[in-house]
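Whenever a hint applies, use it, and build me the whole structure from the sequences.
There are 2 protein chains.
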Amino acid sequence: MLQAVSRLSRAAVRVRRVAAQVQVTTVTMAQNHQSCGASCQQNGGAVTAAILIIGDEILKGHTVDTNSAFLLRALRKLGVCVQRVTVIPDQQEVISKEVALLAPQYTHLLTSGGIGPTHDDVTFEGVAMAFEEELHAHPELTRLVEEFFGVVDRENAAMKLAMVPRSAKLNYGTDPQTGQPLRYPLVSVRNVYIFPGIPSLLERAFNGLEHLFAGSGTTFHTREVR
Amino acid sequence: MLQAVSRLSRAAVRVRRVAAQVQVTTVTMAQNHQSCGASCQQNGGAVTAAILIIGDEILKGHTVDTNSAFLLRALRKLGVCVQRVTVIPDQQEVISKEVALLAPQYTHLLTSGGIGPTHDDVTFEGVAMAFEEELHAHPELTRLVEEFFGVVDRENAAMKLAMVPRSAKLNYGTDPQTGQPLRYPLVSVRNVYIFPGIPSLLERAFNGLEHLFAGSGTTFHTREVR
Numbered sequence: 001m002l003q004a005v006s007r008l009s010r011a012a013v014r015v016r017r018v019a020a021q022v023q024v025t026t027v028t029m030a031q032n033h034q035s036c037g038a039s040c041q042q043n044g045g046a047v048t049a050a051i052l053i054i055g056d057e058i059l060k061g062h063t064v065d066t067n068s069a070f071l072l073r074a075l076r077k078l079g080v081c082v083q084r085v086t087v088i089p090d091q092q093e094v095i096s097k098e099v100a101l102l103a104p105q106y107t108h109l110l111t112s113g114g115i116g117p118t119h120d121d122v123t124f125e126g127v128a129m130a131f132e133e134e135l136h137a138h139p140e141l142t143r144l145v146e147e148f149f150g151v152v153d154r155e156n157a158a159m160k161l162a163m164v165p166r167s168a169k170l171n172y173g174t175d176p177q178t179g180q181p182l183r184y185p186l187v188s189v190r191n192v193y194i195f196p197g198i199p200s201l202l203e204r205a206f207n208g209l210e211h212l213f214a215g216s217g218t219t220f221h222t223r224e225v226r
Numbered sequence: 001m002l003q004a005v006s007r008l009s010r011a012a013v014r015v016r017r018v019a020a021q022v023q024v025t026t027v028t029m030a031q032n033h034q035s036c037g038a039s040c041q042q043n044g045g046a047v048t049a050a051i052l053i054i055g056d057e058i059l060k061g062h063t064v065d066t067n068s069a070f071l072l073r074a075l076r077k078l079g080v081c082v083q084r085v086t087v088i089p090d091q092q093e094v095i096s097k098e099v100a101l102l103a104p105q106y107t108h109l110l111t112s113g114g115i116g117p118t119h120d121d122v123t124f125e126g127v128a129m130a131f132e133e134e135l136h137a138h139p140e141l142t143r144l145v146e147e148f149f150g151v152v153d154r155e156n157a158a159m160k161l162a163m164v165p166r167s168a169k170l171n172y173g174t175d176p177q178t179g180q181p182l183r184y185p186l187v188s189v190r191n192v193y194i195f196p197g198i199p200s201l202l203e204r205a206f207n208g209l210e211h212l213f214a215g216s217g218t219t220f221h222t223r224e225v226r
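Protein sequence lines, in the order shown, are assigned to chains A and B. Under the UniProt record's numbering, the letters of the first sequence match residues 1 to 226, in that order. Under the UniProt record's numbering, the letters of the second sequence match residues 1 to 226, in that order.
I should point out that these hints are in silico values taken from the structure, not numbers from a laboratory. Fair warning: this is a prediction, and the values are worked out from it, not measured in the lab. The reader is advised that the hints may include incorrect statements.
Stated by the list, open to error - Simulated pairs of lysine to any residue, SDA-like, Cα-Cα distance not exceeding 25 Å: (1) 97(B) / 100(A); (2) 97(A) / 91(B); (3) 97(B) / 86(A); (4) 97(B) / 48(A); (5) 169(B) / 120(B); (6) 97(B) / 46(A).
Unchecked claim - From chain A, some residues computed to sit far from chain B (all C-beta separations above 12 Å): (7) 107; (8) 154; (9) 166.
To be verified - Okay, the calculated beta carbon distance ranges per label pair: (10) 177(A) / 140(B): 56 to 64 Å; (11) 132(B) / 132(A): 33 to 41 Å; (12) 175(B) / 134(A): 56 to 64 Å; (13) 207(A) / 73(B): 26 to 34 Å; (14) 172(B) / 169(A): 54 to 62 Å; (15) 137(A) / 73(B): 36 to 44 Å; (16) 214(B) / 137(A): 42 to 50 Å.
Note that CB positions come from ideal geometry on N, CA and C, so glycine has one too.
What follows is the structure, given as structure tokens:
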């Protein structure tokens with residue numbers, strides 16, 4: 001009995017401590033909320049975004065998604081209000097439905113993953129289906145793939161990287177450190193920006209193209225609250 | 001010119017190296033895919049789940065979400081096929097819409113966050129709205145809150161923790177280490193399990209209630225692929 005009372009007492013102390021932390025966090029959040037509230041809800045002209053992480057390996061718990069945390073911080077710094085992050089599997093129909101649902105609701109939709117050379121990578125297919133477009137071998141991407149991979153055979157798996165929706169645009173970023181143009185472009189279709197899933201490649205592509213996403217000029221500085 | 005060629009050459013090497021990594025990852029994924037494919041798509045009786053992370057602080061990039069990675073690994077080990085993770089803000093209408101959309105599609109819907117004592121915490125309100133239920137002061141939760149917080153005033157903010165949808169159930173877990181019952185229950189409404197956002201509390205609640213989510217007896221062992 002005494003043991004139970006002691007355990008309960010320890011639990012109560014823990015809960016109070018957590019409640020105090022929650023209080024501190026909430027005060028900090030309330031302070032921050034004003035600026036975000038203004039950019040997200042009250043200002044009709046706010047730049048908004050959703051992030052779509054595509055990958056079976058993440059849903060299976062094999063790989064921890066770090067891309068959404070990077071993009072959330074980076075977009076926030078640019079004054080963009082991210083209103084949703086969704087993680088879905090590498091399935092063309094699921095990707096298509098999600099893109100068709102989200103793209104019209106936000107200024108930008110950023111996807112990550114599913115654009116490699118194998119049959120599991122169906123993000124371009126999903127985006128094409130969402131906008132009822134066909135895939136085609138983009139001449140400029142075809143040349144780049146040949147250049148990078150030394151591929152001449154159109155049946156080679158690497159050529160899948162050049163098969164993009166008809167209305168796809170190629171966005172060439174600038175290396176922020178050297179000021180030189182990056183060699184490989186980010187593909188976009190309407191307001192959907194199709195990033196690679198490999199974190200180092202995603203980060204390089206984003207950092208080289210910040211101007212595409214920048215908001216009204218208002219930038220926010222983030223900090224950890226726990 | 002020579003510099004450009006050299007840069008291009010280095011870039012090509014990097015791309016080939018990445019492509020090789022993609023290849024390795026993909027082979028591993030393909031090997032894993034068979035088991036997950038079987039549990040997720042082909043087996044109609046598979047236990048499925050979606051995870052809903054609720055929190056402005058995550059969307060703003062102030063706090064990195066680690067709860068979804070924990071739940072993905074833990075559910076996978078129990079043989080549960082998680083098909084979606086979504087992060088949304090602390091807004092009652094958004095929570096309500098998302099719960100109403102997701103709950104009917106999966107065996108379980110696990111939410112995290114938004115159940116603290118402040119006005120920002122509206123997860124119980126959102127879940128109640130999704131199922132067209134009212135909130136009420138649950139007698140057992142009221143007693144627990146009084147016990148833990150020493151509260152007698154019903155107007156006290158902590159009492160918000162006891163205001164749950166009418167059909168809410170209280171699930172008391174077992175501490176896996178001591179075998180003793182945990183003192184504070186996990187609240188569920190139909191197939192929606194409403195976890196706290198604080199990682200240590202979420203993990204303790206989940207670990208104490210694994211049997212609620214366990215699949216058909218098939219368990220999977222996860223490992224990192226990068």
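Right, here's what the structure says about each hint:
| no. | hint | in the structure |
| --- | --- | --- |
| 1 | 97(B) / 100(A) | holds (18 Å) |
| 2 | 97(A) / 91(B) | holds (24 Å) |
| 3 | 97(B) / 86(A) | holds (15 Å) |
| 4 | 97(B) / 48(A) | holds (19 Å) |
| 5 | 169(B) / 120(B) | holds (23 Å) |
| 6 | 97(B) / 46(A) | holds (23 Å) |
| 7 | 107 | holds (15 Å) |
| 8 | 154 | holds (17 Å) |
| 9 | 166 | holds (25 Å) |
| 10 | 177(A) / 140(B): 56 to 64 Å | holds (59 Å) |
| 11 | 132(B) / 132(A): 33 to 41 Å | holds (36 Å) |
| 12 | 175(B) / 134(A): 56 to 64 Å | holds (57 Å) |
| 13 | 207(A) / 73(B): 26 to 34 Å | holds (30 Å) |
| 14 | 172(B) / 169(A): 54 to 62 Å | holds (56 Å) |
| 15 | 137(A) / 73(B): 36 to 44 Å | holds (39 Å) |
| 16 | 214(B) / 137(A): 42 to 50 Å | holds (48 Å) |
In summary, this structure violates none of the numbered hints.
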